[in-house]
Amino acid sequence: MTAISFQSVSKTFSGARGAFKALDGISFDIQEGEFFGLLGPNGAGKTTLISILAGLMQASSGRIQVHGLDVQTQAAQVRKILGVVPQELVFDPFFTVREALKFQSGYFGITRNDAWLDELLECLGLADKADSNMRQLSGGMKRRVLVAQALVHKPPVIVLDEPTAGVDVELRQTLWQFIARLNREGHTVLLTTHYLEESEALCARIAMLKNGRVVALDNTSDLLKNASSNVLRFKLDEQLPPELAAQARVTGRIVQFPAHDAAQIEHYLAALRQAGLVAQDVEIRKADLEDVFLDVMGAAK
Amino acid sequence: MTGWQALFYKEVLRFWKVSAQTIAAPVLTALLYMLIFGHLLEGRITVYDSVGYTAFLVPGLVMMSLLQNAFANSSSSMVQSKMMGNLVFILLTPLGHWSWFAAYVLAAVVRGMAVGLGVLLVTVWFAPLTVMWPVWILVFALLGAAMLGTLGLIAGLWADKFDQMSTFQNFLITPMTFLSGVFYSIHSLPPFWQQVSHLNPFFYMIDGFRYGFFGVSDVSPWLSLGLVGGAYVLVAALALHLLRIGYKIRG
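Taken in order, these protein sequences are the chains called A and B.
Using numbering that gives the first Met the number 0, the final residue of the first sequence is 300, and nothing's skipped along the way.
Using numbering that gives the first Met the number 0, the final residue of the second sequence is 250, and nothing's skipped along the way.
Fair warning: there could be bad hints in the mix.
Here are the computed lysine-lysine pairs in the BS3-like style, where the Cα-Cα straight-line distance is at most 30 angstroms [stated by the list, open to error]: (1) B:16 x A:209; (2) B:247 x A:141; (3) A:285 x A:234.
For the record, the hints were derived by calculation from the structure and aren't laboratory data.
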């Protein structure tokens, strides 16, 4: 069964400097039980799409269904199915962590769910902060509470909008273990993230967004297969000649060439030798999602 | 507990946790008014033949504090949640516009009634209290608090920033409550200003409320009830409409 169905979703914002099309005919489906990644650079439209899904915003055209229910006309039913972790680090300064969770449960008409709230606190490493005021928590702790608040009603579909932006390594580990467990137990997960490594490790399928359009949509393994399979990586103190630089990805001293086979790698190394350049720390690695991402984003220019 | 009750309870707990600010402070302000105006003007102004000035002042101060605090509760809660972004926690729930309306307005009524009761308790020592019609007192207290709580909700939805909110409060709510006959009977005003006062909806709330204490008023309590009740239906319909379309809270 389809968990989330995006059907030609478009969104145009009218501002002082004219209309801006944030989403341009987004269509794809996410199946029940999937762990799905939504990737894209800043301004690609990820958060706009999530906001329309969550009913925080209306689409200009098209529609979204969750478990076959329309997010606009059947909003109340849809919100019981969805658990959304917002991107902004928001909190209510009047209450403790446990109060925030109890109120959030209450809004869904749920009481006496202390066992589940305790489990959430435990799994997200918040047990010793349960009675602390929200104001006293660090940014990372507040982020954990956001995740817990989204899960109070055990939503079948979990939506995380960049939940690990600016968060320490420990939380990322805790969070992913827990979300992966929920996914194994049958919850559908839709994740937007900047950390490509995370989506590669967790998401079975990925959609890439750019300028409000879907520019890639495939199984993570197929996306990786279709891209150049290897990357030649080394460090260089000098400048690359322009004809080589055009094919490379340069980050400071680090130079990376996408390559399909050994012959191509040999070709690059020979070109370096001819230019009289000395490559240091040479390595050949498997292409990862970041390479695919940059390929796709480059091609979609 | 159903959803709207959880939201109502949250809204009550929100002001209760800072009750020094939200209840004790306005009670103290009313006490100062009582000390100064009551002391200065007792014996110099006669409002109704049978009622001393200080006794006249008590219900006015109670109602003024009740109205202002009911307004402050829903408006500040809404603006603060919008600005801090935590309104999203409610926006993501299945709560509909009737639930939002009931929770915000009833919490404002509770705050208004708590402050009103506090003011009554500290000012009642200054003058003998008469209670002629307790039902009128209760009806106008509840209706007035609901009216201002609803206006506060509308203002909170409309305002994007705290300074817009304080404009609303300082230039509309405060003048209208002060000029509604809290400190004087409008019969002591020149005819022109009497006419103007009749256009102020707050006048009817305070006049009707006062009738409950003394059994005398500037206009009939039934007229006041009709006007305030009618106005409330319109204000409530507007608030419900804004909540239903997600005015300024859903893009």
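Right, here's what the structure says about each hint:
no.	hint	in the structure
1	B:16 x A:209	violated, 46 angstroms
2	B:247 x A:141	holds, 26 angstroms
3	A:285 x A:234	holds, 17 angstroms
Of the numbered hints stated above, the single one contradicted by the structure is hint 1.
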